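Residue numbers (this note's numbering), protein chains in the order written: chain A, 1 to 151; chain B, 1001 to 1107.
Simulated from the structure, these hints should not be mistaken for lab results.
Only a predicted model underlies this, so the values are computations on that prediction, with no experimental measurement involved.
Treat the hints with care, since some could be wrong.
Cut-off 30 Å, straight-line C-alpha distance, at most; resulting in silico cross-link-like pairs (DSSO-like, lysine-lysine) [claimed, not checked]:
#: 1; chain 1: B; residue 1: Lys1038; chain 2: A; residue 2: Lys40
#: 2; chain 1: B; residue 1: Lys1038; chain 2: A; residue 2: Lys74
#: 3; chain 1: B; residue 1: Lys1004; chain 2: A; residue 2: Lys109
#: 4; chain 1: A; residue 1: Lys109; chain 2: A; residue 2: Lys40
#: 5; chain 1: B; residue 1: Lys1004; chain 2: A; residue 2: Lys70
Derived list of chain A stretches under chain B, where covered just means 3 residues or more per stretch with a C-beta under 8 Å from a C-beta of chain B [stated by the list, open to error]:
#: 6; segment: 21-33
#: 7; segment: 44-57
#: 8; segment: 84-90
#: 9; segment: 103-112
Glycine included, C-beta positions come from ideal geometry on N, C-alpha and C.
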Amino acid sequence: MDIALRGLHVALGELGLLCIILVLVEVAWGASGRGVLRAKIASLAGTILSFAHWAVSGLYYVGHYGPEVKPVIKAGSWPWAHAIFMESKEHVFLFLPFLMILILFLVWKYGDRLREEREPRFSIFAVGVTAIFVYVLMITSGFVISAGYRM
Amino acid sequence: MNRKYNPFQLSSLSLGTSVTIVAIVVMTLVAELNGGFKGFLTDLSGHHWVSKGLLASGLFLVTWLASALALREEPRRMRAWALVVVGISLLGVMVIFLFYLAHFLTA
């Protein structure tokens, strides 16, 4: 069960990241018509995925990571993998669902004006790139934490 | 003058997002430095991290919906609001990481 939850949390996170990338690609391509529709679907999917990710990750973290994985990392050669990277990861992650809601709003409200107006495009890009940065931090930290478990 | 209530505006959503991120950072630091606060969070839902998420969600909703009463849609300020969210997010990431780094090195 813990392997399934761990795998699911990784998959949901990476799918969420893919959705934001899709949004930015559509916006960068001068979204209109079908491009705007694709951006809207991607932003909605990304937001739903971020909340699903939150729920699944929470289940894994509380039910398995805390009692089973954390003690192993803390007793191993890389205790800082938990003390620094996991502690940071579990709290910085909480920014993501709210950033995704903001991107969702921007795309749905201003989608039809993206071709003509720079301000909405800039805003979507700024918040979108920030969300991508946070996702990449999550993936990198996850790698370090997994390595710390194996050390 | 009566103004129609419109929560779907960038200013109130951005403010909600920013305030929530700041609250997450503050709760994170205070919980590590104050065992009583961490205990309060744990008692709230059974786990401190779950409680932080629930409180953050509640704060987001309240800040977003309440600020929509006072703020107006200002298209000229769209870029500024987006940059506020970006700045606070990046600062939040840095503060949390540096805090745990220092916490580990000085423990």
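Hints breached by this structure: 1, 5, 6, 7
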